[in-house]
Amino acid sequence: MSLLQATGVRKAFGGVVALEGCSISVEAGSLTGLIGPNGSGKTTLFNVMTGYESVDAGDVVFAGQRITNATPDRVFQLGIGRTFQLTRIFPRLTVLENMHVAAQRQGLAALFGRWSSSKEHARALELLDFVGLTKLSDVPARNLSYGQKKLLEFAYVLVAEPSVILLDEPAGGVNPTMIRYLTERIRALNERGVTFLMVEHNMEFVMGLCDRVVVMNHGVTIADGDPESVRSDPRVLEAYLGA
Amino acid sequence: MRVWRAVVLIALLALAALFPVLFPNPAVDTVAVLTLLFASAVTAWNAFSGYSGYISIGHAAYFGIGSYAVAIMCQDWHVPGGWLPFLLLPLAGLIAVVFAIPMGWVALRTRRHTFVIVTIAMFFIMQLMAFNLRSVTNGSRGMSLPIPVNWGGAFYDIPFYYVGLAVLLLALTVSWWIRNSKYGLGLLAIRDDEDRARGLGVRTGPFKLTAFVIAAFFFGMVGGLHAYYVESIFPPFAFDPLIDLMVALMAFLGGLGTLAGPVLGAVILVPAQQYFTIWFGKPGYYLMIYGAMFLAIILLLPQGIIPALRARFMRSEALAGPLRRGGDEAMGGAALAGDGEGEGGGGV
Chain A
1 MSLLQATGVR KAFGGVVALE GCSISVEAGS LTGLIGPNGS GKTTLFNVMT
51 GYESVDAGDV VFAGQRITNA TPDRVFQLGI GRTFQLTRIF PRLTVLENMH
101 VAAQRQGLAA LFGRWSSSKE HARALELLDF VGLTKLSDVP ARNLSYGQKK
151 LLEFAYVLVA EPSVILLDEP AGGVNPTMIR YLTERIRALN ERGVTFLMVE
201 HNMEFVMGLC DRVVVMNHGV TIADGDPESV RSDPRVLEAY LGA
Chain B
244 MRVWRAVVLI ALLALAALFP VLFPNPAVDT VAVLTLLFAS AVTAWNAFSG
294 YSGYISIGHA AYFGIGSYAV AIMCQDWHVP GGWLPFLLLP LAGLIAVVFA
344 IPMGWVALRT RRHTFVIVTI AMFFIMQLMA FNLRSVTNGS RGMSLPIPVN
394 WGGAFYDIPF YYVGLAVLLL ALTVSWWIRN SKYGLGLLAI RDDEDRARGL
444 GVRTGPFKLT AFVIAAFFFG MVGGLHAYYV ESIFPPFAFD PLIDLMVALM
494 AFLGGLGTLA GPVLGAVILV PAQQYFTIWF GKPGYYLMIY GAMFLAIILL
544 LPQGIIPALR ARFMRSEALA GPLRRGGDEA MGGAALAGDG EGEGGGGV
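If you're matching them up, the sequences are chains A and B in order. Counting in the working numbering, the first sequence runs from 1 upward without gaps. Counting in the working numbering, the second sequence runs from 244 upward without gaps.
These are calculated hints, taken from the structure and not from any lab test. Given the structure is predicted, the values throughout are model-derived calculations rather than measurements. Where hints are given, some of them may not hold.
[What the hints assert, rightly or not] Not close to chain A: a few residues of chain B, all C-beta gaps over 12 Å, as computed:
#: 1; residue: 258
#: 2; residue: 270
#: 3; residue: 298
#: 4; residue: 342
#: 5; residue: 349
#: 6; residue: 368
#: 7; residue: 370
#: 8; residue: 384
#: 9; residue: 394
#: 10; residue: 480
#: 11; residue: 516
#: 12; residue: 519
#: 13; residue: 531
#: 14; residue: 532
#: 15; residue: 552
[Said to hold, decoys possible] Covered by chain A, per the in silico footprint, the following chain B stretches (three or more residues, Cβ under 8 Å):
#: 16; region: 418-430
#: 17; region: 443-451
[As the list claims (entries may be wrong)] Calculated cross-link-like contacts (lysine-lysine; reagent style BS3-like; alpha-carbon spacing at most 30 Å):
#: 18; chain 1: B; residue 1: 425; chain 2: A; residue 2: 135
#: 19; chain 1: B; residue 1: 425; chain 2: A; residue 2: 149
#: 20; chain 1: A; residue 1: 119; chain 2: A; residue 2: 149
#: 21; chain 1: B; residue 1: 425; chain 2: A; residue 2: 119
#: 22; chain 1: A; residue 1: 135; chain 2: A; residue 2: 119
#: 23; chain 1: A; residue 1: 149; chain 2: A; residue 2: 135
C-beta atoms are modelled at their ideal positions from N, C-alpha and C, and glycine is treated no differently.
Could you put the whole structure together from the sequences, leaning on the hints where they help?
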């Protein structure tokens with residue numbers, strides 16, 4: 001069953017067409033990789049699916065609900081979390097405060113309450129423990145290392161218990177130990193039913209982790225299948241090597 | 244630590260409550276009233292600009308609107324001098340809110356420097372309206388407010404002092420509540436990375452506008468109180484761009500985004516302004532000193548007094564013994580190297 005789907009999406013920035021009739025379907029419970037040469041439109045597709053960019057044409061559907069051109073806060077509340085290629089955390093807030101920003105509350109009255117309810121606090125600590133940042137919970141987030149920031153961004157996206165998480169280059173600029181650690185965490189979450197769609201240039205990481213790989217080039221998806229078949233697909237080789 | 248904080252807080256409150264008794268000199272009390280008015284305005288301004296990072300150089304527009312609101316209400320309803328005009332202050336605040344909602348909604352579509360410019364432009368539009376809508380504002384001839392005839396001599400400042408203190412305490416309570424609420428955490432997240440906050444479910448538009456409007460409410464009340472205190476108002480003084488600059492300077496000096504910083508800034512700069520005015524024998528010369536001070540603050544204390552003191556205090560505590568925070572030594576050190584601006588507000 002398809003949980004998150006984009007059909008015929010077109011997005012142009014002035015004269016530059018980033019997406020041209022692009023379609024992708026992410027199965028519930030899958031670990032889907034999204035690869036393609038630089039400038040092929042992967043991040044734009046992420047932005048379109050998470051409400052950061054509006055589309056010129058096409059549709060985005062999540063769990064049977066049309067979310068085309070919804071705002072980012074709405075998309076997140078519906079259950080799609082994402083991380084950014086250039087990790088974006090709140091530098092002047094502490095690690096724990098960062099975690100609480102994403103905690104969702106219903107109703108206006110809840111906003112009047114303190115920023116950390118005991119339930120949210122417990123959940124935040126549990127997730128910090130999950131990514132191994134417990135000791136740093138009172139540290140301003142700007143003082144974390146690059147890899148720790150990636151883990152923090154990953155952890156606070158989990159606070160709202162999204163059903164799909166879009167990761168934009170989770171392994172970029174991260175050391176091999178951290179990559180193995182991240183792989184484990186992603187697998188553990190996937191076993192609990194969380195669906196992942198990730199953009200990544202590290203082929204080893206994608207091929208080892210994902211059960212399905214989608215390839216983009218020039219704003220469209222050109223191949224789609226299990227890692228082995230995609231690896232040997234002549235269109236993919238052509239896109240990467242320009243042969 | 245917690246006990247000391249409570250003791251200092253109670254001592255400061257007692258000092259504030261007894262100030263006119265301890266210093267019955269009217270000249271001193273006049274400065275005290277002006278200090279309270281500015282402290283209230285800066286505290287409210289900081290609850291918007293300090294927390295959200297949107298620096299408004301136009302909230303004096305709501306000060307002016309509050310001034311005229313009280314003057315017009317007193318004139319039209321024939322309110323006599325005395326305690327009654329004070330009851331109009333919340334109404335003046337609400338009238339400022341009515342203006343602030345559409346103005347804020349438009350201004351908040353922009354960010355950073357553009358936002359600053361838009362707020363300045365809106366301020367001058369309001370000032371021009373005060374000059375030109377003669378049927379409402381009486382134009383450049385200004386308006387008079389009722390004079391409390393029974394409050395002669397040294398007593399005159401006393402009611403204004405205590406009403407000003409009440410407004411300040413209310414502003415501080417609101418600022419404290421925002422800083423400790425889920426809502427305030429959202430504002431701080433907006434300050435750090437607005438788009439990322441949106442992507443985590445923070446409804447940034449309503450969040451920013453609410454804070455903008457809360458600050459306008461207090462500017463309206465303070466403007467109304469100030470108008471009643473000085474007894475007559477004129478467009479260039481009710482809508483005074485210097486108020487915006489003073490407010491921003493006070494917040495930056497004390498510590499932008501902290502709870503106590505704005506009050507500290509007002510307590511230092513309002514008496515300083517009065518002193519310089521007397522010292523130079525001409526009003527307005529103090530602006531040169533202010534310009535120099537502003538440069539000095541940006542160069543030497545870019546985060547303001549409170550964060551600088553906090554950083555120093557925490558550093559010495561870290562050297563003295565084991566860290567309060569459970570983390571390991573090296574990590575704690577890294578944390579303390581930061582400026583602590585984000586965790587402002589908790590301290591007094």
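Hint check:
1. 258: holds (29 Å)
2. 270: Residue 270/B is indeed farther than 12 Å from all Cβ atoms of chain A, at 42 Å.
3. 298: Given that every Cβ of chain A is farther than 12 Å from that of residue 298/B, nearest at about 16 Å, it holds.
4. 342: holds (23 Å)
5. 349: holds (19 Å)
6. 368: Non-interface label stands for residue 368/B: nearest chain A Cβ at 30 Å, farther than 12 Å.
7. 370: The claim stands: residue 370/B keeps its Cβ more than 12 Å from every Cβ of chain A (closest is about 35 Å).
8. 384: holds (45 Å)
9. 394: holds (39 Å)
10. 480: Fine: 37 Å to the nearest Cβ keeps residue 480/B off the interface.
11. 516: Answer for residue 516/B: holds, closest chain A Cβ roughly 31 Å.
12. 519: holds (34 Å)
13. 531: Holds: least Cβ distance 33 Å, greater than 12 Å.
14. 532: Consistent with the label, residue 532/B stays out of reach of chain A, its closest Cβ about 31 Å off (over 12 Å).
15. 552: holds (17 Å)
16. 418-430: Satisfied; 8 residues make the cut.
17. 443-451: holds (count 5)
18. 425/B - 135/A: holds (23 Å)
19. 425/B - 149/A: Answer holds: residue 425/B to residue 149/A is near 22 Å, not above 30 Å.
20. 119/A - 149/A: holds (24 Å)
21. 425/B - 119/A: holds (14 Å)
22. 135/A - 119/A: Since the Cα atoms of residue 135/A and residue 119/A sit roughly 19 Å apart, the hinted pair holds (cutoff 30 Å).
23. 149/A - 135/A: holds (14 Å)
The structure is consistent with each of the numbered hints, conforming to all of them.
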